[in-house]
Amino acid sequence: MSTIRVAWGTGTGPTEMSSYDAALADANLHNYNLVSVSSVIPADAEVEAVGTAPDLGPAGERLTVVEARATRAGPGHVSAALGWSQSEEGPGLFYEAAGETDPEAVAERVRTGLAAGRELREWTFTDERVETASIDAEAGVYASAVVMAVYGESEPIC
797 MSTIRVAWGT GTGPTEMSSY DAALADANLH NYNLVSVSSV IPADAEVEAV GTAPDLGPAG
857 ERLTVVEARA TRAGPGHVSA ALGWSQSEEG PGLFYEAAGE TDPEAVAERV RTGLAAGREL
917 REWTFTDERV ETASIDAEAG VYASAVVMAV YGESEPIC
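Under the working numbering, the residue at position 112 of the sequence shown is numbered 908, and the numbers go up by one with no gaps.
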């Protein structure tokens with residue numbers, strides 16, 4: 797059985813990219829090349845909320861992720877949320893949302909998306925969970941919030 801780890805972080809910096817890098821560092825995902833996929837959880841996967849990711853392999857390798865990401869210049873607030881729901885049969889769904897709003901609002905958007913996604917499938921779902929990250933951006937800096945589902949461990953990129 798493979799493990800999908802859900803990690804989250806926030807960060808600030810003088811540019812959009814530096815604040816995103818700081819948020820990735822907060823989640824311990826800053827040393828990887830991230831490849832985004834859509835939203836299906838494989839039947840044999842276990843989803844584990846970890847907050848901060850463990851060491852997932854050598855720096856520079858590829859990680860497969862589902863990503864919720866929000867970035868803005870201050871002053872203001874950003875939030876990101878990622879939720880998941882698995883079926884009795886094994887497969888499941890991730891849904892993500894992000895924006896310049898509070899964590900409760902993005903979490904509710906994720907729950908709405910999960911409900912719609914469940915309606916499209918003939919699976920019997922057993923659970924639902926949502927994780928959020930949020931941060932205030934001060935004037936003159938950028939802030940980012942990320943929540944990511946990381947599939948397995950890193951793989952060589954070339």
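Heads up, some of the hints might be wrong.
Claimed, not checked - Pairwise CB distance ranges, derived in the manner of DEER restraints:
no. : residue 1 : residue 2 : range
1   : D840      : V937      : 41 to 51 Å
2   : E900      : P871      : 17 to 27 Å
3   : C954      : T908      : 38 to 48 Å
4   : E934      : E884      : 16 to 26 Å
5   : A839      : E934      : 14 to 24 Å
6   : P887      : D932      : 34 to 44 Å
7   : E812      : A839      : 36 to 46 Å
These are computed hints drawn from the structure, not numbers from a lab.
As the structure is a computational prediction, the values presented were derived from the model and not from experiment.
Idealized CB from N, CA, C, for every residue including glycine.
**Prompt:** Can you name, in rising order, the numbers of the hints this structure does not satisfy?
**Reply:** Numbers 4 and 5 - these are the hints that the structure violates, sorted from lowest upward.
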